[in-house]
Each structure stands twice: as structure tokens, then as C-alpha cells.
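*Asks:* Chains V and B, in that order, give the protein sequences. Going by our numbering, the letters in the first sequence line up with residues 4 to 474, in that order. Going by our numbering, the letters in the second sequence line up with residues 4 to 474, in that order.
If you're looking for bench data, these hints aren't it; they were derived computationally from the structure. Computed from a prediction, not measured in an experiment: that's the story for all the values here. A couple of the hints might just be wrong.
Some, not all, of what chain B presents toward chain V, calculated at C-beta under 7 Å [stated by the list, open to error]:
(1) S60
(2) A64
(3) E65
(4) Y67
(5) K80
(6) S117
(7) K125
(8) K129
(9) T132
(10) E140
(11) Q149
(12) S321
(13) E343
(14) L350
Label pairs and their calculated CB-CB ranges [claimed, not checked]:
(15) T69/B / K159/V: 37 to 43 Å
(16) I5/B / K417/V: 49 to 55 Å
(17) H172/V / E414/B: 45 to 51 Å
We treat Cβ as the ideally placed atom computed from N, Cα and C, and that holds for glycine.
There are 2 protein chains.
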Amino acid sequence: MITLNRQSSDPLYMQIYTQIKNEILNGTLKEGQVLTGSRGLAGILGISRNTVDGAYSQLVAEGYVTPRKGVGCIVMKVPELTVSRKRLKKDATIPPAPTIKKESSVIYDLTNSSHTSDLFPKRLWKRYTVECLDRLEKETKISSYQDKQGELYLRKNLLAYLERIRGVHCDENQMIITSGIQQSLDHSCKLLSPTQRTVLMEEPGFHKALAVFHNNGISVQTVSVDESGLVVSKLPQSSNVCAVYATPSHQFPTGATLSVSRRYELLEWAHKNNAFILEDDFDSELRYYSKPIPSLQSIDRSDCVIYLGTFSKTLSPSIRMGYMILPPQLLKGYLEKFEEYNSTVPLLNQYVVARLIETGQYDRHVRRLNHIFRKRLECFLAELADVRDKVEISSNGTGQYFLLRFSQNVEQKKLIEKALEHGVRVYSTMQFWQEKAACPPGMLFLGFSKIALEDIPDCVKRLKDAWKAWL
Amino acid sequence: MITLNRQSSDPLYMQIYTQIKNEILNGTLKEGQVLTGSRGLAGILGISRNTVDGAYSQLVAEGYVTPRKGVGCIVMKVPELTVSRKRLKKDATIPPAPTIKKESSVIYDLTNSSHTSDLFPKRLWKRYTVECLDRLEKETKISSYQDKQGELYLRKNLLAYLERIRGVHCDENQMIITSGIQQSLDHSCKLLSPTQRTVLMEEPGFHKALAVFHNNGISVQTVSVDESGLVVSKLPQSSNVCAVYATPSHQFPTGATLSVSRRYELLEWAHKNNAFILEDDFDSELRYYSKPIPSLQSIDRSDCVIYLGTFSKTLSPSIRMGYMILPPQLLKGYLEKFEEYNSTVPLLNQYVVARLIETGQYDRHVRRLNHIFRKRLECFLAELADVRDKVEISSNGTGQYFLLRFSQNVEQKKLIEKALEHGVRVYSTMQFWQEKAACPPGMLFLGFSKIALEDIPDCVKRLKDAWKAWL
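Here chain V stands alone, though its shape is the one from the complex (with noise of 0.2 Å):
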């Protein structure tokens, strides 16, 4: 019996179709049975029968019923939808979510690792999502696997990109689309040496780069960094190292840039050790006073460098997308290695990067972030100016964080407390030491990327409020 409500904002046919596929799901009409015509069922109804069709069509399409020549739609074997089984209760053994504290009472958030939203380009993605879904359908890609390196479209924009702005120099063959940095060094663990299995990182450094190398059964050693980036004349000669890990744009905490001639001396020193570079080049474009630096691999002459690139500054954390740039001698073992791999990275996201970049989109957005990056740290500065003598702040002027050291001895968890209870939070520096006890206290991580312009100087009075004991 079919009821109909014209009152309902459900159109006629789905009213009509939502009550036979209950009836088919609970076993009032069962496999076999006929549905009434629809020229029958219209007229009872008092609708037309294009109505009835409609709703008939979709149940047929569904795979609910199916249509008979001279008979009218039988209706299907249809599975049972549940399998309720009670399982035993395990919950008591299942850890609670690891929630992510939301006071209220943060009122700045000072991390860098999202942004005002204002700066993801949502109109263009939208666009161009739009209009790429329609291109992969006439390219008959849309169901495709795709190549496992990624999207030539986009390596080919990328590079190009790449080559301008980093001096980055490869053959697109040599580049693969991963979903960011932490899967370029998961892959790069899987090329280096089976039995040279120790990995060089700065020290501080990134801690998230740590556990990739840890779960790869790699094990780290350190190295210092000064104001001149990591200290190469400390790295071991050792033949136990398959790569060190750094960051000479830009050395993650630090602010340090690596010098030209240090740069000379690593590639020299992973030359003759028969070691790589993983060069993590995460957000050298980002450099708002001078052009930026070219990278280590631009510089490469023999083959020791993997570069490694990431979308999560200049687009977004959430889109998942990076890069790494094999040097060739690793190409043939990647081939072999990951013959049977499929691409980790959405196709149509993929499409979306690449007409960014070839309309020239992107550059124009890294632009405007530099010109918005600029802007707040300078806004920082002017706002800390009084208190310098208290407090050192390490920038070179790229990217989105800077250092705040204390002159004073203080904990840093003080810090941060008081902060806290000021409406800011400010972030510890002991996660990038694996020599914990080496972090200088009173040292600070300060992002700017999730707090507008105007709200800088009311946060910073809250932070001298805060810590008027120190300053």
C-alpha cells in the first residue's frame, strides 16, 4: 500500500520508490513477485505515469527488481542487510582517542602547522576541481589507475616550477608525487642501503622525520647545528651512515641557513662516504626578504642528493601532497622496488596542483603568502621591539615560526603555562632535541600562520602580561 505526501519535499518517485524497496528489504514483496503496472499503479495513485516509471527505473537500476518482457518488474533476490552478531565487549582494552585539548580559553593559537583560512585558494580549487572532474571523464581517466609516480601533468608543471624557483634540475622521470614528506622518507628508507642502516640528522631537527626513520628499523645519530646550519665538519666518517637528513634552506628550528661553502663541503662529504642527502627543502620558497636560496641538489654534481617538497605550507596541511626527486643512480632500484606500487595521491587533487601551477595561480598565491608572512612577522617584531634585550628572536625571515629565547634561565613549561592562562599558546622546543636536556629552557616556538595581522598586537600584550616576570 503506497501513501503519498504532497507536502513532502521528497519528489512523488522517491516516495514511490522508498516504500517498494522497504517492502522488497523486509520481505512484505519477495523474490519473484510482480510489481503492479505502472499504468495500473498511476491510476490508482492519481499521478502520471511518468511518475511510476520514474520510481520503477531506479529500483531497476538499483538491482531491485528486473524488468520482464510482457510480465512487468519481478522482484529480485535482495541480500539481508544486517548481520548483527554481538561481539564481545572489548572496549575496556581499546585506548581512549587521543583528544586534542581545546580550552576555550585559547584565544591565539601560535602553531604553525595550520593556517587562517583565508589563505587556502577555495575558489580556484573549487574551480578547477569542477573543471578537471570533467577533463579525467573525457580523458577516461576518472577510473583509472594512474602512474605510480604520480600525474605527468603535474610533473612536468612542478618542475618547471621547481627548476625557476629552486634551481631544482632533473628529468621528470625522476620525480614521484607522494602524500607529503614523511611518505618521501618512508619510500627513501626503502631505496638506501639494506645494510648501512644509520641516518645523520641535525640536532635539533624534525622530530616528525625521526619516527619515519625509527619505523623503517634505521637507527639516528646527531649532529649539531650553529648559526651557520649544520656543523659538516662534525659529521662522521663512518661507513655504517647511508644518509644524513637535513634542512640547509632553512633549518628546522633553527631559522639557520646552511653557508655556500658548508654546502660544498657536504656534498663532499656524502661524495666520498658513499652517502645521500635527504635535502627537506619544506618551505624555502617561503623566504620574503631575499630570493631563496637554490637548493643542495641544484648544486649536486654527483648524485647524492634526494629533494624532498611539500604542499603543506603553500596550500594546505589537509590536501596531503608533496614530492621527492630521485637522484638517477637510486631510479633503477625504485623501479624494480616499487614495480607493483600503485600512486598514493588522488588523481583529480593531482590535476587540481598542476593547473595551479601552469596558470601561473600559484605563483601569485606563494607571493601573496610571502607578502602576508612578511607582514606578521614584521608586526611581531615591532611588537617585541621593547623587549629585546629580555628576549632573542631567530628568524630568517622565511616560513611561518620563529625562536624566542629568554636571556633568563626559565622553564620552558612555565612559559607556556603562563601563556596559556593569558588566552596564547606557545609551543615547546623540546620535541626537536633527542638530547633533551641540550634544549635551552626559556626557548620558544612562535608560528604565526594561524593568527591574522590585527590580532598580533593584543596577542603579544597578553604575552608580555604573561611573562612580565621575565621581561
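We have chain V already, so just place chain B on it with the hints.
*Replies:* Frame of chain V, contents of chain B only:
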């Protein structure tokens, strides 16, 4: 001697920077020398002092010179370049891009790894992308890192779906959204015992899983498969086995369904041997005659199943999205080892899929696929009916392919070549056997995800012509 070219597209400060840099690199300017003061140089060149300062600060940033108060910019030590600045031509070592041969003669491609474009819900994908972009902006998530396990909104909806369709039962904290089966396996490898490093695989089995185990330093042993699926009685009682990778609901590629008694035996074996079962449930919802068989996970009482699924078969292989469900006993290890990891799946895409599921569109879509695939399979069976005494067809009414086995002893290679001559690409089954000699001759893999229903009669006609010597 600096010369400026005002017709050049390079800005003046860049021209100055480049020329001084080159003088340092070629030794004209030596360590310790002081650059002409910026005011002086500006006067000589007849340009603004700001322009010269721009060039100098770039040289400082890159470490070619260092400023000293009251003295000026001093040239730093730069290593002599022993290797020529000309990059060694290594192009010979770059393997050419692996191109997929696109014979113009291929009229029908019987692959199972891509779909006809009409099977992708393009209209809905567009609509929900636009909608979810606005929603992500409103929720200020558009430019943020996300939960490393994937968006909770997707996990909740997906879980409700899997509970209904696959009998899966778990807490949403056990679920991880991944970039597909291979990434789920890669994660799993990092969670399995670091000392027991052997995984058992079905023979024949999914070759793309094999590559992941090998790349994680795990050795693989095979266990045979018969018409009731994995021969559980042949599983070794070995202390070195950490897991068995299996496809219980739709053995890949034989199509066998693991019988209920073997399911319980397999769980028992895993429990006794302290091993895990990697249940790859890649296409079990595409089961079009009977109701889907409940997953192994749904009857696992001892927490030994790692459940793996994918959207590649139902939505598109190009969206790169899958999921894994960890048993509670692996959760603590996961949270520790992956604490510093980011999700690899774009947040926007996760929202779109969540929305598809939440609205019931995904259910409708899967039903539609089942209907279409059933029609296609039935058409193949009908068209091949008259040669069924010469060829055996394996399919359990699930998924998007069947196996064809000739009763005559004939080489796969020969059959494939002949088919290609007649415009049809069919596939070898050799890749699924680790012991190649064990692969039956005359057994082919025919997918029907990329062929339209109306093309099947002509396609089969061509195959019959191609193979008339053996039919």
C-alpha cells in the same frame, strides 16, 4: 667590474648579485677581501643604494660574504670546485619512462583495474566537493593538519556502513583511513612483531601485496588454495610467522569463498600461533547473487584480524582511499609508533566520501554497480555458453573479473597474442603465482569493469575467432 644591462629581464640587484657570486666562485674575489661599500658601488653604477643592498643581503643570506661592523662585507671561504660546474651527463643512467603500450589495435581491454567512466559518481563528487569545501572553511579545518587516523566524520559513517554490510564490529578508534590496501599493509608491517618476520600468502595471490612485504624486509611463504579457499590445514605451526595475508570472501584471483569451517580453523590457528590475519576484503560488497558473506573480522573473538578495505573497486582506483581496522591489541603499538605521523589522505576527499555514505548515495551506487556487473558477467557467460566444454569459467558472482581456463594445454602467451591480434586485451594469471611453474597453462584473467554491456557480444565473438584452434 660589474656591468649592468637595463634591457635584461633580470632585475638590477640580481645582476649585481650574480656577478659578484661568480667572481667569488671563480676566485677573482678571494677569502677575506672586502666588497666595495654599497654607497660607493651605487655611485659607481649610477643606481640607488637600495639596489646594491638587495644584492649584498642575498650574498649574505647564502653565505658568500659576511657583514662586519665598520668594515663592510667580507668574502667567505668557498671551496674550490674540483668537479666541473658542468653537470656530468648522466642521462644515460636514467631509465626511460615505463610507457604502457597503447596498441591502437586494442578495441576492448579486459582489465579489472579501471572502470568505464560512467561508473564514477561524477555529479555527486562535484556537488559534495563544493559543499564540503565551504563546510571545511566554516569549521576552520581547511588549512589544518587532521587526525592521523583520518577524519572522525568519515570513520563514523564508514563504520556504520561496514557494520551493516560486512558485519564488521569495532570502535572508531580502531579504524585508520589510508591511501589504499598497499599503505594499510605497509602500516601493518610496522606493527607486526620485529622478530617474527615471515608472512604467509595464498598461492596464487595478490602480487601487489607481496611487493609491500618484501620492501619491509619481511619474507613470504605460500600456502595453497583450493575450491574452498585457503587450505588452512596446510598452514605451518611456526614460531617465525607473524601473519597470514588472506582474501577469505573472494579469493584473489581464483574467486573461491573460504568455507565457514575453514574460517573458524583459520582463526583458531592464528590464536594458537600468536599470529595475525590480514583480511583483505577488497571487493566483497560487490557480490551480486547472494548476500555478502560476513567478514572474518565479524567472527573474530581473539583479536587477531587486521581488516583491510578499499574504495578502489566501488568508487575509483584514482581516488586512492582505503581503510584498515586494527584489533585492540595492536592499538597501543600503533599510537606509539605513529604518534608523530600525519594522515596521507586529503581531508576534503574524506569529507566527500563521508557525505556519500551519510546520504545513502554510496549504498545506491554500490547497488547500481552490482546490477551492472551482474549483467556484464551474465552476458559473458551467455556468449561463452556454447564453448563451455572447452573452457572452464571461475567466478563466484563477486567483483569485476573471472578466470577462463582452457581444457587443452595451450600457452597463456599464445592465447594473449592471438586475442590481441583480434583487438582484445586479456591478461595472464602468471603474476599471481610465486612459483611460476605451478600456474596452469591456458588460464587467463578477464575483467569486465572497463567494457560496456553492449560491447560484450562483439568482444566474445572476436575472442572465439582468435582462439578457434582451441575451441
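*Asks:* All the hints need checking, so say for each whether the structure fits it.
*Replies:* Hints versus structure:
1. For S60/B, the interface hint holds, since its Cβ comes within 7 Å of a Cβ in chain V; the closest pair sits about 6 Å apart.
2. Because the smallest distance between the Cβ of A64/B and any Cβ of chain V comes to about 5 Å, under 7 Å, the interface hint for this residue holds.
3. Interface hint at E65/B: satisfied, since its Cβ lies 5 Å from the closest Cβ of chain V, which is below the 7 Å cut-off.
4. About 5 Å separates the beta-carbon of Y67/B from the nearest beta-carbon of chain V, less than 7 Å, and the hint is met.
5. Hint on K80/B holds. Least Cβ distance to chain V is approximately 5 Å, under the 7 Å limit.
6. Checking S117/B against chain V: minimum C-beta separation of about 4 Å stays under 7 Å; hint holds.
7. A distance limit of 7 Å between C-beta atoms decides the matter here; for K125/B the minimum to chain V is near 6 Å, and the interface restraint holds.
8. Satisfaction of the interface hint for K129/B is found here, the shortest Cβ-Cβ separation to chain V being roughly 6 Å, below the 7 Å cut-off.
9. A hinted interface residue such as T132/B counts as satisfied when its beta carbon comes closer than 7 Å to some beta carbon of chain V; here the least separation is about 5 Å, so the hint holds.
10. Of the supplied interface hints, the one on E140/B holds, with its beta-carbon coming within about 5 Å of a beta-carbon of chain V, less than 7 Å.
11. With a least beta-carbon distance of about 6 Å to chain V, the hint placing Q149/B at the interface is held under the 7 Å criterion.
12. Because the closest C-beta pair between S321/B and chain V is about 4 Å apart, less than 7 Å, the hint holds.
13. Taking 7 Å as the C-beta cut-off, the interface hint given for E343/B holds, the closest approach to chain V being about 4 Å.
14. The criterion of a C-beta within 7 Å of any C-beta in chain V is met by L350/B, whose closest approach is roughly 4 Å, and the hint holds.
15. Here the CB-CB span from T69/B to K159/V is close to 39 Å, well matched to the stated 37 to 43 Å.
16. Between I5/B and K417/V the beta carbons are some 53 Å apart, a value that agrees with the proposed interval 49 to 55 Å.
17. For the pair H172/V and E414/B, the supplied restraint of 45 to 51 Å holds, since their beta-carbon distance comes to about 47 Å.
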